[in-house]
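Model the placement of chain B on the given structure of chain A, informed by the hints.
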Amino acid sequence: MSIVSVRGLTKKYPSFELKNVSFDVAEGRITGFIGRNGAGKTTTIKAMLNLIHPDGGEVDYFGKPLAGNETEIKQRLGYSTGTVNWYPRKKLRDLVDTIRRFYGTWDEVAYRKYLEMFGLDEQKTPLELSEGMKVKVNLLLALSHRAEVLILDEPTSGLDPFSRNELLDLFTELKKEGVAVFFSTHIISDIEKCADTIVYISKGEIVAALPKEEFAVRYSREGESLEDTMLRMERGERNE
Amino acid sequence: MSDILRKEIKLSASPLAFLFIAFGLMFFVPGYPILCGVFFVTLGLFHSFQAAREANDIVFSALLPVAKSSVVKGKYLFVCFIEGCALLLMAVVTALRMTALKDAPVYRTNVMMNANLFALGAALFLFGLFNLIFVGGFFKTAYKLGKPFVTYIIAAFLMIIVFEALHHIPGLEAVNAFGTEHLGLQLALLAGGAVLFALMTWLSYRTACKNFEKIDL
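As they're listed, the protein sequences go chains A and B. With our numbering, the residue at position 33 of the first sequence is 33, and numbering never jumps. With our numbering, the residue at position 36 of the second sequence is 36, and numbering never jumps.
These are computed hints drawn from the structure, not numbers from a lab. Treat the hints with care, as some may be off.
[To be verified] Interface residues of chain A toward chain B, partial, derived using beta-carbon atoms under 7 Å:
no.: 1; residue: H53
no.: 2; residue: E70
no.: 3; residue: Q75
no.: 4; residue: N85
no.: 5; residue: T98
no.: 6; residue: F102
[What the hints assert, rightly or not] Cut-off 20 Å, straight-line C-alpha distance, at most; resulting in silico cross-link-like pairs (SDA-like, lysine to any residue):
no.: 7; chain 1: A; residue 1: K90; chain 2: B; residue 2: E54
no.: 8; chain 1: A; residue 1: K91; chain 2: B; residue 2: V59
no.: 9; chain 1: B; residue 1: K10; chain 2: A; residue 2: K46
no.: 10; chain 1: A; residue 1: K90; chain 2: B; residue 2: P15
no.: 11; chain 1: B; residue 1: K68; chain 2: A; residue 2: K90
no.: 12; chain 1: A; residue 1: K46; chain 2: B; residue 2: E213
no.: 13; chain 1: B; residue 1: K68; chain 2: A; residue 2: R101
no.: 14; chain 1: B; residue 1: K73; chain 2: A; residue 2: N69
no.: 15; chain 1: B; residue 1: K214; chain 2: A; residue 2: E17
no.: 16; chain 1: B; residue 1: K68; chain 2: A; residue 2: G68
[Unchecked claim] Distance ranges between label pairs, derived from CB positions:
no.: 17; chain 1: B; residue 1: L88; chain 2: A; residue 2: E108; range: 35 to 45 Å
no.: 18; chain 1: A; residue 1: E108; chain 2: B; residue 2: K214; range: 30 to 40 Å
no.: 19; chain 1: B; residue 1: Q50; chain 2: A; residue 2: A26; range: 38 to 48 Å
no.: 20; chain 1: A; residue 1: D169; chain 2: B; residue 2: K147; range: 43 to 53 Å
no.: 21; chain 1: A; residue 1: R232; chain 2: B; residue 2: Q50; range: 49 to 59 Å
no.: 22; chain 1: A; residue 1: L231; chain 2: B; residue 2: T207; range: 48 to 58 Å
no.: 23; chain 1: B; residue 1: Y143; chain 2: A; residue 2: G57; range: 19 to 29 Å
no.: 24; chain 1: A; residue 1: E108; chain 2: B; residue 2: L185; range: 53 to 63 Å
no.: 25; chain 1: A; residue 1: K19; chain 2: B; residue 2: K214; range: 52 to 62 Å
no.: 26; chain 1: A; residue 1: G57; chain 2: B; residue 2: T151; range: 32 to 42 Å
no.: 27; chain 1: A; residue 1: N165; chain 2: B; residue 2: F40; range: 52 to 62 Å
no.: 28; chain 1: A; residue 1: H53; chain 2: B; residue 2: T180; range: 52 to 62 Å
no.: 29; chain 1: B; residue 1: H168; chain 2: A; residue 2: Q123; range: 54 to 64 Å
Idealized CB from N, CA, C, for every residue including glycine.
Extracted from the complex, chain A is given alone in its bound form (with noise of 0.2 Å):
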């Protein structure tokens, strides 16, 4: 059952242009949104969270479109855009003290969880924190507060490939509980590793949005890789 509806988004910058993108976020599934850098990926992401105001098309979560419902929505979504950019001097204990009154269903269970899962410390800053760090405190933030689907913005980046795995096999963890996890990443592996469905992206285009199996069997040639047919279709040899 489709959780999240991405519906004809469009949005026209002078050197790029995102083009009728339209894609479906499945029920306790794990959704790959792959591309390489520039694709398209973070402003369908951030379209997708109202950071940016598209010039067409809509995004509708558990059957309701964002626009009019936006607070009711975003308390059921975790949700990451890249680092933590914000607030770099300021303790992790503060921010989160400040982020978890705005969520009625926090868990500090949960939350206390994940902190030591993670590693990090709530008396550092943004500012002492590593880039993989960051993106660990932003991971910690969706999951705190038993969010239905997580939409995470290249969480694997900047992390060691132990962190990568262990971040990977959570994502199999949330989706046994029946959590939607949507993730962009331009690594191909990740895809491969834990992913049950892709959506490909290209100069601001969906290419394919396909069960991966499916995936497969439409594009790949006998004996190739994802990752061998996802470099040729870039390099606009696709064979369907």
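Showing chain B alone in chain A's frame:
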């Protein structure tokens, strides 16, 4: 207290915004344009906006589970909160100058504007001007602070000159009333200032919400 106002006070506010409330005490100073106190209060607010911008506060706020319009609301609530505190301080000083200090020679011989109900109305008008020009101007981009602040400074100082000059115009001496003289007029001028403050703030807030909705963060 609303969560968004709490966030503004706890995270976004510069300590100067609170410290500069004390400039409300300038209503005690004779021989000086007391409405400059209003300007200094808004200078503290400007510093708060500047510090919040450097901390990427707008993106932080927009990522909270609130509508984009609530981000705007938070800023206006905070600004009005600081202005309200400063106005309260000015009102206490004005009350003292209208009662216990009304015959003090240092104030009776003061060529500058007297601290009375009209002065409080004028302070409200200047706060409204700040909300209209600076806060509203900031939300056109949610980034640029310089142009709206300079525009506000010019408008505010022109109005301070006008307010200071009024009681020197023959026939308008009543605006500089001491104690409870011309109380009806004084109350009407205070009410006028309050109405204009409310109108300018509301208009600015409405426009800011519309503008901010269209901004790409």
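Range hint 54 to 64 Å (beta carbons of B:H168 and A:Q123) holds or violated | holds (60 Å)
Holds or violated: are the alpha carbons of A:K90 and B:P15 at most 20 Å from each other?
-> holds (14 Å)
Does A:K90 lie within 20 Å of B:K68 when you go C-alpha to C-alpha?
-> Answer violated: B:K68 to A:K90 is near 23 Å, above 20 Å.
Double-check A:Q75 for me: the hint is only fine if its C-beta lies closer than 7 Å to a C-beta in chain B.
-> holds (5 Å)
Would you say the C-beta atoms of A:E108 and B:K214 sit inside 30 to 40 Å of each other?
-> 37 Å Cβ-Cβ, so the 30 to 40 Å window holds.
Holds or violated: are the alpha carbons of B:K10 and A:K46 at most 20 Å from each other?
-> Since the Cα atoms of B:K10 and A:K46 sit roughly 27 Å apart, the hinted pair is violated (cutoff 20 Å).
Using the Cβ atoms, figure out if A:R232 sits within 49 to 59 Å of B:Q50.
-> holds (50 Å)
With respect to the beta-carbon atoms only, verify the hint that A:D169 and B:K147 lie 43 to 53 Å apart.
-> holds (51 Å)
Please work out if B:K214 and A:E17 have their alpha carbons no farther apart than 20 Å.
-> holds (17 Å)
Agreement of B:K68 and A:G68 with the hint, judged by alpha carbon distance not exceeding 20 Å | holds (11 Å)
Regarding the hint that A:F102 lies at the interface with chain B, is the smallest CB-CB distance below 7 Å?
-> Hint holds; A:F102 Cβ to chain B Cβ min 5 Å, cut 7 Å.
Does A:T98 meet its interface restraint, that is, does its C-beta lie within less than 7 Å of any C-beta in chain B?
-> holds (5 Å)
Against the hints set out earlier in the document, violations occur for numbers 9, 11 and 25.
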